Structure formats: C-alpha cells, structure tokens
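Number of protein chains: 2
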Amino acid sequence: MHRVKVRVVEDALDANNTIASANRADFDREGVTVLNLMSAPGAGKTTLLENVLPGLPGVRPGVLEGDVAGSLDADRLADRHIPVTQLNTDQGFGGECHLDANMVRSALPALPLADIDLLVIENVGNLVCPAEFRVGEDARAMVSSVTEGEDKPLKYPLMFRACELVIVNKVDLLEHLDWDREKFEYHLDGVHPGVPRLYVSAKTGEGLDEVRDWLVKLATRAGAPA
Amino acid sequence: MHRVKVRVVEDALDANNTIASANRADFDREGVTVLNLMSAPGAGKTTLLENVLPGLPGVRPGVLEGDVAGSLDADRLADRHIPVTQLNTDQGFGGECHLDANMVRSALPALPLADIDLLVIENVGNLVCPAEFRVGEDARAMVSSVTEGEDKPLKYPLMFRACELVIVNKVDLLEHLDWDREKFEYHLDGVHPGVPRLYVSAKTGEGLDEVRDWLVKLATRAGAPA
Numbered sequence: 001m002h003r004v005k006v007r008v009v010e011d012a013l014d015a016n017n018t019i020a021s022a023n024r025a026d027f028d029r030e031g032v033t034v035l036n037l038m039s040a041p042g043a044g045k046t047t048l049l050e051n052v053l054p055g056l057p058g059v060r061p062g063v064l065e066g067d068v069a070g071s072l073d074a075d076r077l078a079d080r081h082i083p084v085t086q087l088n089t090d091q092g093f094g095g096e097c098h099l100d101a102n103m104v105r106s107a108l109p110a111l112p113l114a115d116i117d118l119l120v121i122e123n124v125g126n127l128v129c130p131a132e133f134r135v136g137e138d139a140r141a142m143v144s145s146v147t148e149g150e151d152k153p154l155k156y157p158l159m160f161r162a163c164e165l166v167i168v169n170k171v172d173l174l175e176h177l178d179w180d181r182e183k184f185e186y187h188l189d190g191v192h193p194g195v196p197r198l199y200v201s202a203k204t205g206e207g208l209d210e211v212r213d214w215l216v217k218l219a220t221r222a223g224a225p226a
Numbered sequence: 001m002h003r004v005k006v007r008v009v010e011d012a013l014d015a016n017n018t019i020a021s022a023n024r025a026d027f028d029r030e031g032v033t034v035l036n037l038m039s040a041p042g043a044g045k046t047t048l049l050e051n052v053l054p055g056l057p058g059v060r061p062g063v064l065e066g067d068v069a070g071s072l073d074a075d076r077l078a079d080r081h082i083p084v085t086q087l088n089t090d091q092g093f094g095g096e097c098h099l100d101a102n103m104v105r106s107a108l109p110a111l112p113l114a115d116i117d118l119l120v121i122e123n124v125g126n127l128v129c130p131a132e133f134r135v136g137e138d139a140r141a142m143v144s145s146v147t148e149g150e151d152k153p154l155k156y157p158l159m160f161r162a163c164e165l166v167i168v169n170k171v172d173l174l175e176h177l178d179w180d181r182e183k184f185e186y187h188l189d190g191v192h193p194g195v196p197r198l199y200v201s202a203k204t205g206e207g208l209d210e211v212r213d214w215l216v217k218l219a220t221r222a223g224a225p226a
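So the protein sequences, as listed, match chains A and B. Residue 1 is where the first sequence starts when you use the working numbering, and the numbers rise one by one after that. Residue 1 is where the second sequence starts when you use the working numbering, and the numbers rise one by one after that.
Think of the hints as simulated: they come from the structure by calculation, not from any bench. A few of these clues could be false.
[Said to hold, decoys possible] Restricting the straight-line Cα-Cα distance to at most 25 angstroms, the calculated cross-link-like pairs of lysine-lysine (BS3-like) are:
#, chain 1, residue 1, chain 2, residue 2
1, A, Lys203, B, Lys217
2, B, Lys203, A, Lys183
3, B, Lys203, A, Lys203
4, A, Lys203, A, Lys217
5, B, Lys217, B, Lys203
Note that the structure is predicted; figures quoted are calculated from it, not measured.
Starting from the given sequences, assemble the full structure and let the hints guide the process.
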C-alpha cells in the first residue's frame, strides 16, 4: 500500500516537472523572470508585495495570485496599479493546498507577459506542499513571520530548504514576543546552511530596500542573455 | 484530465472515511472522546494545549502530535506530564501536509487509550487539507491567530466551515495590530454562521477557562452512554 502511494506521487511530480519546464520556456521566450513566493497563511506576502513592487527601479512587475478562494489579495494589488491575475484552486473539490505547474500554465494566456519583467507567483498559504511543486520559476523565496515562532525551520524543513531567500517578516512586533533570533538562525542554518535572510516589517517599511535590491538583482540576472 | 483527477481524490476520501469509522469505533469502545485540532503553522496550538490540558477537571487528557518532522511539540507536552504520542508524516516523501485516518490508525497501538478520556489530535499546521480528512474524531476545533489577519475565513472557507469551535488566539497582541474584530466576525459568519468562537491568549491565560469548559463538556457529552 505504502509503495503504491509513493509511486503515484512521484508520477504526479514527473508530470508536474514536465509542465513546469514548458512554463519556464515560455517565460524565457518573453524575457520574464519568475519568483515563486511561499509562506504560511497570514505571514504577510501580499502586504510585502503591495509595498515593494510599485516603483521597483527599472523592473515592471506583475503578480499571479494563488488562493483557494476569493480575490481579496488580487484586489489589494490591483489598487496599487500592479498587473495581477487571480488563480483560485477551489474548482471541483475542497481546494488545492498549493499551485502546480498545470494551474500556472492555465493562467498564462491571461498574463500580459510582454509588459512584465518580474512575475511574482504568490502561492497558496501553506508550508508543506508548495515546496514540492515547481511551477516554472527562476527562484523561490519564502516569508516567515516572527509571530509563528522560531521552530518553523525544524517543523517544515523542505520549505526552508527549497528557497533561495528567507524573508523574516513582522519584526515590528518583536518587542512584544519571546521570539529568539539566535534560536531561529540556529534552526534555519541546520536545515539550509547560509541561506540569505532579510529581516523586514512589510507594515513599517523596515528592511524593504534590501528586498527591492534582491528582486532587481534577480530580474536583471535572469533576464540577461545566456 | 480534470475529471480523472477529481475521481481519484474522491476514491482516496472514501477509503479515508472507511478507516476513520474504524478509528471511531475503537475510540468509542475505550470511552475516549477525540478532538481534531487544526490551524495554520505557528497559530499556537501547542502553547494552548500546554496551558489548558494539565489539571482539566475530571478529564484525563492525551495528545497525538502530528508534524511533518521533529518532535519539539511532543517534547513540550511531555514536559507537562501529558501523555503524548508523536506521528511524523515525512516518511518516504517530502512530507504529508495533513494527518489522514490511516496515519492515525497506525498510531493507535502506541496510545494508552485506557488511561485517556480526551484525546486531542494536533494536526499538521495547514489551513487547507486537514479539513478534508476526517480521522475518527468526535469534534473539530481550529485555532486562528489574530496575527494572521481578519481575512482568513474568506481565503480558507472549508477549514472555518468544518469545525465546531474557532479559538481566536494571541489577543494579547491586539493593541499592536490593525486587526478588526468586527470584520473578522463578518467574514467568519459569512462562511460558518454562528459558529462558537472564543477569544484567548494561550500565552497570558486570558480566556482559557472557557476553552477548558468547552473541552470538559465535549468529553462528558461524548463519553456518556448513548
């Protein structure tokens, strides 16, 4: 029973990777750099994007907004004049807990790729499955809020291992929490030694310049001819 | 393609429900009331259990601790002399994002059911899939932290709809947040009208007596002969 289950999942991941490669080829053809942005529910992905994407120097942003249901986040980003396309995962079942390459592929015709340099795919809020499904991205980043506690790298190791940047959000609340930065970094380096980490408050703006720098570098590097 | 996918999932849920019924029969035979406790990562489930389970009047508690990896939470509960069994979901793959009935069934032999009146199954931190998989529980409760924002019922409707109690945690941080209780309740009643809700701080102890009362009533009601 157990072996059968694993085999089915591996087949599903093979199919996903094939479609992810097709997405990637389409993005490359249009010169679009793609960031897969992941986090637990309520870690602050949308607030971060609202505050770093407008006015990103030399980079035209766009967002593909993944949610189980609703379009609240997409509406917030549209209010900031960021091109945004909504992708809901609740078709026909209780809702998928992650975006996969085929869902992203189904959204491609709705994306104005010619007008976008950096496409951020805001994944469904979940610290497990999004890390297992590539969607055709150039890089992956995650947001980890200090209110979630410093043990999360140990409890969700694949997510922290799968990303190229960890954005530690809500540092404006640190003075009201027992959150221990040293302990968090010890756990983080235990699962992903040396991964870049930026401490920010999407609400107050602290640290957001470094996030903008990282995004501009990503878009420039990946957009350059090979 | 889409229809095939839905059919596979439904078959998986059928099998899950069959095993959940078997679990439930075993729990009933031993006179154990079972609560499936769910939340996003870092919402405070373990801190809540640490503080409400010891000394619960007339009810002997036990915990089945579900995590992708690690045993940090189980260790914390064992420190409080609460009988706890660890169940990790990372066997053979990146990790399951929820507990299912078969995983719980595999843990039954390790649980001292004869010494437990109320078994709390602490699910994997995730607001999507745990709501789709019954494990043999009598009731389901979820913890929603105010730091996650007031829009979560709209974004994860199945989770808020699937539970009999919503425990709103971290109210000690309210004075530092823009969280709007009226807006949260409006969204909550939109997806699950009138569901009981308790406002608590697992950290300061505020509101925990009401959680204890709810747990005692649950254990007493469900434990009574039909």
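Results of checking the hints against the structure:
{"no.": "1", "hint": "Lys203/A with Lys217/B", "result": "41 angstroms, violated"}
{"no.": "2", "hint": "Lys203/B with Lys183/A", "result": "19 angstroms, holds"}
{"no.": "3", "hint": "Lys203/B with Lys203/A", "result": "24 angstroms, holds"}
{"no.": "4", "hint": "Lys203/A with Lys217/A", "result": "23 angstroms, holds"}
{"no.": "5", "hint": "Lys217/B with Lys203/B", "result": "23 angstroms, holds"}
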